[in-house]
Structures are given as C-alpha cells and as structure tokens.
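S.K.: Chain by chain, the residues:
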Amino acid sequence: MKRLDLILNGKGGVGKSFFAVNFVQYLKDKDISHTAIDSDNENSTLKRFHPDTQFVDLADRRGPDGIFSALEKSNLVVMDCRAASTDVFIDFFAQINLPVVLSALGASLTLVMPVNHESDSVDQVQRLADEFRKKCNYVVVRNAAHSESFALYEGSEVRAQIKDKLGGKEIAMSQLQDWLVVALNEQNLTITAAAKHPTFSLLDRQRLQTWQHKFYAEIESAADLLLPAKP
Amino acid sequence: MPSFDPIVVRKAVTEFAPLRPERFQELSAAKDFISELRQKRASYRSVADLLTRHGLPISKTAVAAFCHAVLGEPPRASKHRPRKRPPTPDSTNGSSPVLATPPPIPPAAENTSENPQNRARGPRIAQIRMLKPSIP
Chain P
1 MKRLDLILNG KGGVGKSFFA VNFVQYLKDK DISHTAIDSD NENSTLKRFH PDTQFVDLAD
61 RRGPDGIFSA LEKSNLVVMD CRAASTDVFI DFFAQINLPV VLSALGASLT LVMPVNHESD
121 SVDQVQRLAD EFRKKCNYVV VRNAAHSESF ALYEGSEVRA QIKDKLGGKE IAMSQLQDWL
181 VVALNEQNLT ITAAAKHPTF SLLDRQRLQT WQHKFYAEIE SAADLLLPAK P
Chain S
1 MPSFDPIVVR KAVTEFAPLR PERFQELSAA KDFISELRQK RASYRSVADL LTRHGLPISK
61 TAVAAFCHAV LGEPPRASKH RPRKRPPTPD STNGSSPVLA TPPPIPPAAE NTSENPQNRA
121 RGPRIAQIRM LKPSIP
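So the sequences go chain by chain: P and S. Residue numbering for the first sequence follows our numbering, beginning at 1 and increasing consecutively. Residue numbering for the second sequence follows our numbering, beginning at 1 and increasing consecutively.
None of these hints come from the bench; they were simulated from the model. From the three backbone atoms N, C-alpha and C, an ideal C-beta is built for every residue, glycine too. Be aware that one or more of the hints could be misleading.
[Claimed, not checked] Only some residues are given here: those of chain S computed to face chain P with a beta carbon under 8 Å:
1) 7
2) 56
3) 59
4) 60
5) 126
6) 128
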C-alpha cells in the first residue's frame, strides 16, 4: 500500500522541517524509494538540504494536486507542509473527498505532527484529529529542541484520543546540540553528510551520529505508520 | 370665594408686578453710558469700576452679561484650550471609542467538517481540551 506522509502542524517553529530533513535522510540512507515535497515558499528548508525535493505551491488552487500526482508514481510521498497551512489541507481534502482518492490510489495518509511545549502546537494536533478522525493515521513527534516538558500535550484529551482510539503513535525527537545545528545550517549539510565531513571534529561527528541513531530508532518504532506497507 | 369677574381680573393683571426684579433692571438705566464706553473700547472691568465709583456697584461679569444680552455683543472665544480627556466608552462624538479592554475573542469553532465559507479568518486562540484530573 502506498503512503502519503504529511508533516503538518499549523504552528510555526515546532520542528516540521527539521524532522522532514532528517526523515528524508533516513529514507535515503535506507534506500527507501520516495518522493519528497516542500511547500514552504518562504523558507524551503527541506529543498535546501535535499535539492532533489519537489515543490508544491499551496497558494495555487490546483497546486496541491501535485501531491497526488506524485503519489501515483511513487509508493511513498513525504511532504513538509508549511506553517499556517492547516486550513488549506482541510479545504483541499474536503474538496476532493480524500477517502475516495486514497482508496483509488491504494494509499493511506499519515499525519506526522511535531508538538512542543506550546499550547498552539497541541491545539493544532487537536484540530487535525477532530477533523480527520479515522480517515488517516497519526504520528506525534515530541520535539524536545526547546523544552523537554510536554505537560500540555500529556494532559490533553487529544493525546489519549490519538493513542487509544485512533491508533496513533508517539515518537521522540531529542535536542541536537545548538552549535551543531548552527554548523549544519551554515553548510547546508545533513547529518549523514556532516558525519563524514572533515570540518567536523571527531567528537562532533560522534555526537551527530549518536543523535541520528536515536532518531532512526524512533522512526523505525513507527515504521508501520510512516512507510509503505510491504507486499 | 368671589365669583369670576373679567373686569376685576383685567385690572389685577395690569397692576401685577413680579416679585423678582427684572434682569439687568439697575443696569438698564446706564445702558447708554455702557454702550458709549464699549464703543471707546473700555473693558468690562473698566465699565464696572466706573459705574461702581459713581454709585452703581456692579461686577465685570454682570457688565459682560449685559453687553451680550442687551447690547448684542458677540461673546469672545475663550483663549483657553480645553483639556484633552481620554475618550470614554460611552462617548458619542462620532469617533470610535477606545475601549479599556479589547472585545472578547469568540471561541474557536468546535469543529468537524468546518465549512470553508463559514470559517472565520481571524485570530485563533488555542483551546486545548484537557483530561479531567483523576480522583485518587
């Protein structure tokens, strides 16, 4: 079965693009065929780190059609959705009757939703779960980049709803040392590239690999919701 | 009680004098003097001082009122600027009043299949539904 992974949370700065860059790198490192799509016309971070990424213009009324054109050709489409695009997707999916289209393509949709300590990020998860209910799968990414406290999310109804009623999963994305984040961005290097790059010290390369191993283990714990089902 | 006699009533009306003295009654006798002094650009205070010195004690405020009401002088615009006061919520001078507190923001739509035509394009305030604390 094909898979469409939308990395979506209307709140900006929750780690959508950071997750997307590293998830796409995971797919490349594991030789998993996929199509990556960026939809952020102002900060195309995914395309900056992975230049082979396609671009879909959400401001164009037929722009999101490109997601399903890609899904026709690929078993896995990963899309980094720009901030403040929740309404766009809700409207678009209502317009095309999402379950029918997914069924026609033999695909399923997974909403990958990073959350952090802020209420806005949790509110967005709640909104998406309320809207799509059982029409899709859910993976919540607990992004500890800014804070390791997820009190709001942990006490929310939507967390229980996703875990208990909607079959969703949670994965963790730990904090990467800030100087490494700066260095990766300065040189537009993914962690896999930086781990072999001479400008990074041995210890920093080790730190990067340690972080990446943990991240990849988290991805694999939710592989059944993130990757195409094996025939 | 005497019976109503129009002739008697007419005489009583003719002889009626109000208990309260007529306005500017005393100054009316000095109307020509006041008018002449004002034509000579005498101030209300100067007019009042002159009349007071000559047996007609009067204040400059009364002179000014007499000049406006009887001589028809236009009142002068005050040189004092009115103090600016912050607008109050009930001000009705045509401009929008500044409210002390912003109007309440309507709660976010309770959801499911929101109609895009009806969806408000305004501020969205997070309203997380929290689990009820369990009772130990």
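S.K.: Look at each hint and say if it fits the structure.
M.R.: Structure-based check of each hint:
At its closest, the beta carbon of residue 7 of chain S sits 93 Å from a beta carbon of chain P; the interface hint therefore is violated under the 8 Å criterion. For residue 56 of chain S, the interface hint is violated, since its Cβ never comes within 8 Å of a Cβ in chain P; the closest pair sits about 81 Å apart. Residue-level restraint check for residue 59 of chain S is violated (minimum Cβ-Cβ distance to chain P is 70 Å; threshold 8 Å). The restraint placing residue 60 of chain S at the interface with chain P is violated, with a minimum CB-CB distance near 69 Å, outside the 8 Å limit.
Checking residue 126 of chain S against chain P by beta carbon gives a least distance of about 4 Å; that is within 8 Å, so the hint holds. Proximity of residue 128 of chain S to chain P holds as hinted, the smallest CB-CB distance being about 5 Å (cut-off 8 Å).
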